[in-house]
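*Asks:* So you can see what is in the structure, the chains are spelled out below.
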Amino acid sequence: MSVLVSAGRYLVFTQHGLVSSEYTYFYYYSDAILTICLYFALMGLYAIVFEELGAAMRLRVFMMLLLIGTTLFSYAVVHQSESRMLTHYIVEISQNLYFVGLILTYVLWAALLKLRESRVRVIQIVLSLGVYFSINAANYALHNAYPNLRFVWAFLPPAAGMFLPIAWIYAFMKFDDEARLAPARLAAVPR
Amino acid sequence: MMAAVIFIISVAALMQFFVSYCRSLIAASARRALSVDVQDVIGIRRSASGEDFERVMQFLHLCPDRREDRNGVKAIGAYFRLLGAVGTTMGKLIPSLRVWTESERSQCAYFAAVALDRRIAHNRDMFAEQMSA
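Here the protein sequences line up with chains A and B, keeping their order. Each residue of the first sequence is one higher than the one before, starting from 1 at the first, in this note's numbering. Each residue of the second sequence is one higher than the one before, starting from 1 at the first, in this note's numbering.
A portion of the hints provided could be inaccurate.
Claimed, not checked - Derived DSBU-like pairs (lysine-lysine); straight-line CA-CA distance at most 35 Å: (1) B:Lys74 - A:Lys174; (2) B:Lys74 - B:Lys92; (3) B:Lys92 - A:Lys174.
These are computed hints drawn from the structure, not numbers from a lab. Owing to the predicted nature of the structure, the values given are computational and were not obtained by experimental measurement.
Start from the sequences and build out the full structure, keeping to the hints where you can.
*Replies:* Below you can see the structure in the form of structure tokens.
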């Protein structure tokens, strides 16, 4: 999916240029689609962690409802504002999508600590996803609040976008399925 | 207003996730014992101190790197600097925080020593392969 989106972005970029509205729209909407794909990855992680409790199906339904709710909420916020620009809507929805992703990852991390999940691979994938979502949520919030700070918010998404695949490749190559770790040792606040 | 709230919560969560991620990288290397050669070169036996980090990093940069650990070393370097900043700024107000940051910094130094050990072993293997070919 990411490869297809990158190819599409390249095509639009070569045809219309970096500062064109076509590229801007394509960039932000494809980014929202990729974020929704990450939601599905997050659902898979929830299914792995809650496998033994048998609550995976209910969680999936809850996450889908949350995703729909986020989209409707973003639309309602922008619809009420005076400037009904589509670019404002897409920044608003991206900010909210990343923020909901961050909250869901945080809940998953809390569940990992509570259930004493010790698989290193799962722990590292969840933590790197948390870093990715929080960088992007903070970045889009900054973009929304200070559109003039382009030198900050234009730099962070590519850096975060590189971090996530590298961290996942590292987790898959470095650790096997059996590698274990005590998750309580990793909490920023000691438990 | 909403953007500001999201920004503050996201930055706070980022700090927590980043600290935990770095600790997960460190914890994976904490169980590994250093080889005698590396112990002799860097002067670290079982535990390191935060002051050893820069010295070990200098040795690490002298050694041809491995693609596998390059990003881990960079992440731990960033974590070490973050701990240094937190320790010097807030450590004066909260002494327990200073103790915690120092303990974390020493683990960063041990992580760097393990990375050095792996690089030396990797380069030795490469050299042995070339000699036998």
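*Asks:* If a hint holds in the structure, say so; if it does not, say that too.
*Replies:* Evaluated hints:
| no. | hint | in the structure |
| --- | --- | --- |
| 1 | B:Lys74 - A:Lys174 | 16 Å, holds |
| 2 | B:Lys74 - B:Lys92 | 27 Å, holds |
| 3 | B:Lys92 - A:Lys174 | 38 Å, violated |
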